[in-house]
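*Asks:* Chains as they are written, first to last, in my numbering: chain A, 1 to 271; chain B, 272 to 541; chain C, 542 to 809.
Calculated directly from the structure, the hints in this document are not laboratory data.
Bear in mind that the values here come from a model prediction, so they are computed numbers and not experimental data.
There could be a bad hint or two in this list.
Stated by the list, open to error - Here are some of the chain C residues that sit facing chain A, going by a computed Cβ distance under 10 Å: (1) R663; (2) Y665; (3) D671; (4) A686.
Claimed, not checked - Ranges between beta-carbon positions, derived for each pair: (5) A/A204 to C/K615: 49 to 59 Å; (6) A/L191 to B/I370: 40 to 50 Å; (7) B/E440 to A/R63: 53 to 63 Å; (8) A/P54 to B/T391: 13 to 23 Å; (9) C/A692 to B/Q539: 47 to 57 Å; (10) B/L302 to A/L77: 45 to 55 Å; (11) C/G585 to A/A58: 38 to 48 Å; (12) C/K623 to A/R20: 29 to 39 Å; (13) A/A188 to B/I344: 43 to 53 Å; (14) B/F388 to A/D52: 23 to 33 Å; (15) A/S32 to C/W658: 34 to 44 Å; (16) C/H684 to A/N108: 46 to 56 Å; (17) A/I258 to C/G585: 27 to 37 Å.
Don't be surprised by glycine CBs; every beta carbon is placed ideally from N, CA and C.
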Amino acid sequence: MPIQEINGTRIWQKRSNQERIVSAILWLITLSIIAWCWSIISAQTEWSFVKDAPKQGADLINRMFPPKWSYLDGKLLKAVWDTMTIATLGTVLGLLLATPVAFFAARNTTPHPVFRYIALFIIVATRSIHSLVWALLLVFALGPGVFAGVIAIGVRSIGFIAKLLYEAIEEINPKQSEAITATGASAAQVLTYGVIPQIMPTFAGLSVFRWDINIRESTVIGLVGAGGIGQALIDSINAFKWSQASIIFIIIFILVLISEWVSAKARNAII
Amino acid sequence: MAKENTPKRTWSKPPLIKNPTIRWIVVIAILAYAIMAFLTIQSSIDPARISKGWPRTVRLLTNFVQPDFFTRIKDIRIGVLESITMTVVSTFVGVILAIPFSLGAARNIAPRPVYLFSRTIIILSRTFPEIVVALLFVVMVGFGPLAGAITLMLATIGFIAKLMAEDIEDIDESQVEAIKATGASWPQMVVYSILPQVLPRFIGLTAYRLDINFRQSAILGIVGAGGIGAVLKTSMSRYDFDTTGAILAIIIAIVLVLEIISGYIRQQVQ
Amino acid sequence: MAQTNNMLEIKNLEKRYKTGDLALSNVTISVPKGEVIALIGPSGAGKSTLIRCVNRLIDPTAGQIILNGEDITKLGGRSLRKARRKMGMIFQEYALVERLSVMENVLSGRLGYVGFWASLMRRYPQSDIDEAFRLLSRVGIDHFADKRADALSGGQRQRVGIARALIQGPDIMLVDEPTASLDPKTARQIMRLIIELAKENNVAAIINIHDVALAKMFVSRIIGLQLGEIVFDGTPDELDEDMLTTIYGEEDWEETIQKVEDEDEEES
């Protein structure tokens with residue numbers, strides 16, 4: 001208790017002595033963990049390089065400017081188009097794959113608990129593994145290019161979409177589907193008349209939101225050979241052509257800003 | 272019903288877009304895009320390569336179901352350790368550095384020039400994908416977890432500052448007014464009227480970002496910025512897919528644990 | 542400016558918002574030490590703007606506010622904060638920091654007196670804590686010291702708000718619609734408490750209040766504000782039906798005036 005009475009005067013402290021000791025110990029533990037983590041990072045770092053960092057940074061900026069505008073030709077624009085295609089088709093693929101997973105994962109629509117656990121595993125696995133890793137795997141299996149990229153982005157999107165969608169399905173108003181069932185409708189009819197209209201706004205919002213994220217991700221999966229502008233970036237960097245890289249940075253910046261703007265507008269329109 | 276007297280009325284579901292011209296333009300645009308996108312993909316599909324890839328895929332999958340945790344245990348251990356340390360340090364430092372930017376990017380308490388400056392930093396930090404930023408830091412500070420930690424720290428600043436600024440813009444202004452009216456100084460005003468209102472969300476977002484930072488730290492190694500990603504990439508280029516499977520399983524496990532922890536923290540502070 | 546014995550002088554105060562709306566014009570009020578004034582007027586008359594100009598939560602565009610001989614319209618930074626310490630404010634929706642405890646809310650009234658680190662670590666001088674306990678028991682919520690502010694009822698919260706204002710050791714209390722969010726009985730209790738405490742501590746007060754009956758019941762001087770200008774300044778007895786019509790517009794005031802007299806008889 002923070003209020004104590006000592007010799008007739010009442011003393012107030014935010015925390016009792018015991019609480020203060022506990023909180024001090026917790027802080028000490030936190031700070032030592034961080035110090036320990038830092039010591040590991042520090043041990044893995046070549047500090048002579050780091051000392052050189054400001055010079056390296058200045059050098060980098062010098063090489064980037066002025067950007068080599070002639071690099072912005074048809075070939076690069078094709079890469080931009082590829083990036084957008086990867087994001088868009090990847091999102092469509094993700095939606096197609098995620099929808100059944102979501103219905104299997106939702107308690108109120110799953111055909112059997114076993115399906116539910118399988119669906120939950122798919123959600124966790126696809127969400128936890130970054131699209132770059134998916135891209136690496138798929139480039140290995142399918143060969144480099146846009147196709148691998150679309151599938152990588154699609155697979156990666158499953159977990160995100162399915163998770164938010166199945167939560168929406170679990171929150172639907174059961175009275176509406178009950179009413180449809182009461183008319184004698186089949187299970188598929190209950191789904192289309194009683195369930196889908198209720199989750200449609202979530203579904204629409206999610207697809208736009210995921211598309212926005214996918215634009216961002218598809219700009220980088222080219223780094224491992226899965227097509228799009230990332231490929232051009234890694235090629236330029238490997239060839240030390242930083243004045244080309246800076247053009248790609250500008251393109252990424254604009255693409256991301258546009259997709260964020262579009263998705264914000266679209267979501268406002270849906271809500 | 273007097274069926275004979277009334278003209279026959281048909282009904283069909285009203286279309287989503289009422290104006291028929293716009294509706295057809297939208298339909299045609301979608302079809303045109305679909306065809307173009309399909310052609311784009313088709314040109315990148317190489318049937319010979321895919322059929323060659325089939326045995327590889329089979330091998331990949333068979334290796335995945337029997338992951339090998341032990342052959343590369345030393346590399347995996349170092350990689351995981353690096354990923355975790357990068358996550359912890361970058362989250363801690365990033366969150367602390369995000370505080371001034373959160374205040375600066377809140378329209379209701381920051382003066383205009385500070386607001387614009389903070390927003391610019393936030394946009395820059397949020398727009399570039401982490402892996403691209405990591406590429407630059409690898410060039411600047413060399414290979415290793417430092418480059419990754421700096422990258423994640425910068426991303427954390429933008430993420431936390433943007434969301435916290437939104438929260439600060441939504442606070443109850445009368446509490447700020449009341450504290451100002453007592454003669455409190457600006458930092459006292461922040462601590463007594465803004466902090467108590469936004470603290471739960473701040474803690475929740477920190478836990479969430481810890482989770483995101485770990486996921487990111489697992490791939491930054493692909494470009495040499497430290498963490499398990501480097502081991503992952505090496506194992507794949509050596510076709511050691513049993514090791515790859517083991518690393519992916521470890522990543523999934525750690526992400527799950529972090530998700531449970533961050534979910535618990537967020538529930539506690541609400 | 543010759544020193545007068547008025548504690549607060551508001552002279553020719555004007556506030557024009559950036560939108561061009563004139564919220565206050567040519568407002569002049571003298572407040573002697575310890576006098577309690579009710580400020581009445583329809584919503585939008587500028588009552589709230591006026592008391593916020595006094596402690597400069599809103600900056601007036603012209604005129605002077607002289608507190609104990611010092612023109613506070615010229616102050617800024619540290620000296621403004623020092624002047625604010627002498628003015629306690631009580632709010633309509635209580636404006637307590639909801640997630641802090643009652644005690645922390647009361648002690649926040651001392652922020653102008655303690656340094657940043659002391660306030661961050663909640664280390665207040667024992668004299669402040671004694672005073673906080675005294676005020677909490679005076680307003681009747683002694684046993685709630687460690688409750689969080691959002692756990693209290695409206696009347697209890699306003700008592701915390703009063704304690705927070707008084708712990709500043711103010712010369713004047715600026716009170717913004719203290720009863721507007723309360724039920725009639727609690728409203729009357731809170732109003733009585735504010736008046737009693739003002740008397741006990743010899744603190745002046747300007748009370749914004751839309752409830753004319755309540756104002757007439759408790760206060761000996763009433764100022765009527767209409768469209769940012771003072772249209773009435775006198776005793777409750779002088780505030781008759783015609784005057785109320787001037788302030789609020791045409792309405793049947795018989796009821797209001799009658800009711801006050803009835804209640805007065807009941808009370809006595």
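*Asks:* Just pull the numbers of the violated hints for me, sorted ascending.
*Replies:* 7, 9, 10, 11, 15, 17
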